[in-house]
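**Q** In case you want the letters, here they are:
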Amino acid sequence: MTPPIAHAGHWIADLLYVLPLAIALGFLFVQSRRDKRADEAEGTSTPVDSPPPA
Amino acid sequence: MRRRRLLASLGVAAGATLALPSAAAAHGLVGREDLPIPKWLFGWGATAVLVASFVGLAVLWPKPRLEGLTERRAFAPAKLLDPVCGLIGTAAFALLVYAGYAGTQTPPTNNLTPVFVFVLFWVGLAVASLLLGDIFKAFNPWRATARAVGWVAGKASPAGLPEPMAYPAWLGRWPATFFILGFAWIELVYAGRTDPSHLATLALVYAALQFVGMSLYGIETWNSYGDGFGVYFGLFARLSPLHWTRGEVLVRPVLSGLTKLDVVPGTVALLCTMIGTTSFDGFQGGRAWTSLAPRLTDSLRGLGLSQANALEGAFTMGLVGMVLVVSGLFWLGVWGMQRESRGRMTSQQLAWRFVHSLVPIAAAYIIAHYFSLLAYDGQRVAYLVSDPLGVGSDYFGTAVAVPTIDYGWISATGIWYVQVAALVCGHVAGLILAHDRALLTFKQSRTATRSQYWMLAVMIAFTSLGLWLLSSANS
Chain A
1 MTPPIAHAGH WIADLLYVLP LAIALGFLFV QSRRDKRADE AEGTSTPVDS
51 PPPA
Chain B
1 MRRRRLLASL GVAAGATLAL PSAAAAHGLV GREDLPIPKW LFGWGATAVL
51 VASFVGLAVL WPKPRLEGLT ERRAFAPAKL LDPVCGLIGT AAFALLVYAG
101 YAGTQTPPTN NLTPVFVFVL FWVGLAVASL LLGDIFKAFN PWRATARAVG
151 WVAGKASPAG LPEPMAYPAW LGRWPATFFI LGFAWIELVY AGRTDPSHLA
201 TLALVYAALQ FVGMSLYGIE TWNSYGDGFG VYFGLFARLS PLHWTRGEVL
251 VRPVLSGLTK LDVVPGTVAL LCTMIGTTSF DGFQGGRAWT SLAPRLTDSL
301 RGLGLSQANA LEGAFTMGLV GMVLVVSGLF WLGVWGMQRE SRGRMTSQQL
351 AWRFVHSLVP IAAAYIIAHY FSLLAYDGQR VAYLVSDPLG VGSDYFGTAV
401 AVPTIDYGWI SATGIWYVQV AALVCGHVAG LILAHDRALL TFKQSRTATR
451 SQYWMLAVMI AFTSLGLWLL SSANS
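Residue numbers (the working numbering), protein chains in the order written: chain A, 1 to 54; chain B, 1 to 475.
FYI, nobody ran anything at the bench for these hints, they're computed from the structure.
Do not take every clue at face value.
DSSO-like cross-link-like pairs, simulated, lysine-lysine; straight-line CA separation at most 30 Å [unchecked claim]:
1. B:LYS260 - B:LYS443
2. B:LYS443 - B:LYS63
3. A:LYS36 - B:LYS63
4. B:LYS79 - B:LYS155
5. B:LYS63 - B:LYS260
6. B:LYS443 - A:LYS36
Covered stretches of chain A (chain B as the covering partner; in silico rule of three or more C-beta atoms under 8 Å from a C-beta of chain B) [stated by the list, open to error]:
7. 13-19
8. 28-41
Small disclaimer: the values here were computed from a predicted structure and weren't measured.
All residues carry an ideal CB built from backbone N, CA and C; glycine is no exception.
Using the sequences plus the hints, can you model the full thing?
**A** Below you can see the structure in the form of structure tokens.
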């Protein structure tokens, strides 16, 4: 049985592909919260146009 | 203090950059490419390009530009072009079926049928559609045969042919979705996929199903919604600047063709299937799948399946699983957009509005995953046109005694750069389409930009997934 640690290099290298997404998600989450707080301070809502035709 | 922390972070990052590839090289992770930086760094670079594009769009693209753009008449093709192309397509289909049955069965690379189906047709025609528009419609052998039969039957019957049934709205592109999933299953799972006679039989079955669909619902309607390949190549053709209509060819700005995509039930599922099945092709060559597949196969054998059936079962689960992963990512983006719209639009409305942004991603995945197949295995066509049955004929003087492939015309490094460029361009195109549509959907450009945070995350996820799949498959 191969100990899982033997493939740690692979897993860490694979995780490096996920890291940009994790960073971007973190940034977007923070930015989204900031926007929401700014909206609440301004008292604005989010208008949208009519729904698309079915 | 802040500077010291920054320097420490940079030090750790640099250390990881230098240490990880060499550690991984011991396990054979480094592929055959000769790259100046580790592959994962391309993922970071691609993310940076996507973020920069997102910011650029938010600042420099405040109004919708792609919607409603007009097309310009380029030229009128000869009237005979359509029937001539149809005749060529039908002849090619007949040759494909004949070669499948009458040609050599082993090795399959000496028979025209597998190479034609999986390389020229599936990949080559997709690339040709991106460049030249919907050329498959003209060469479609089922459509051409049905039109010819309809024309003859119309002349023979004085009362005319009965009108086709109305195409059910709920059916939408679902038939095309199932045909494409079925083709992907044959390509990636079915054990007899390289057997020329099996492929010939499957081609005849597919043609028969198309004839049933066309006779029930009309040739053009079925071609637009039901024929898996007609819909598949037609979607890619919307990226082309050329738009072939009845009697004339129009020129349009790139990407604008997708804004006119008529979204019907099954369109989202079809695009997720296209991306998911291509993703599984990459995934099955990587370490994660090669360690997971034997466990799945053993579990299925425990249920009483034979080794061959258990293997196909495991691969089917992987294929469907990857389609579900891709669908999940897209619906996550839609859910995020719905949050931004404060529930004024349903998830389905938003998914239908933004699904066109998946088309360039599907095209990017096809190019990235299959470019090497086209570049190398596509060369087989040169000798197979002279010897389609693999029996030693030499019709055009290009047959060779021992078929070889020139792997030197483009290096593995060159292929990697093409793959990365395709993925980045495809996802930037997806961002542009989604941003442009968001400006129409949300009244304020600020809200439109915020709604696209989620689509940016989806694009980064697809890019990272694509690069990870390519790097694991190449390792």
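**Q** Each hint: holds or not?
**A** Here's how the hints hold up against the structure:
1. For the hint linking LYS260 (chain B) to LYS443 (chain B), the alpha-carbon distance of about 20 Å falls within 30 Å, and the restraint holds.
2. Annotation: proposed proximity of LYS443 (chain B) to LYS63 (chain B) holds, straight-line Cα distance about 10 Å (limit 30 Å).
3. Distance hint between LYS36 (chain A) and LYS63 (chain B) is fulfilled; the C-alpha atoms sit about 23 Å from each other, no more than 30 Å.
4. Taking the CA atoms of LYS79 (chain B) and LYS155 (chain B), the gap is near 20 Å; set against the 30 Å cutoff, the hint holds.
5. Of the pairs offered as hints, the one joining LYS63 (chain B) and LYS260 (chain B) holds, with about 18 Å between alpha carbons and a cut-off of 30 Å not exceeded.
6. Distance check on the hinted pair: LYS443 (chain B) and LYS36 (chain A) sit about 17 Å apart at the alpha-carbon level, within 30 Å; holds.
7. Coverage of the stretch 13-19 of chain A by chain B holds in this model, with 6 residues showing a Cβ closer than 8 Å to a Cβ of that chain against a need of three.
8. Interface restraint, the stretch 28-41 of chain A with chain B: holds (4 residues with C-beta to C-beta distance below 8 Å; minimum three).
No hint from the list above goes unmet by this structure.
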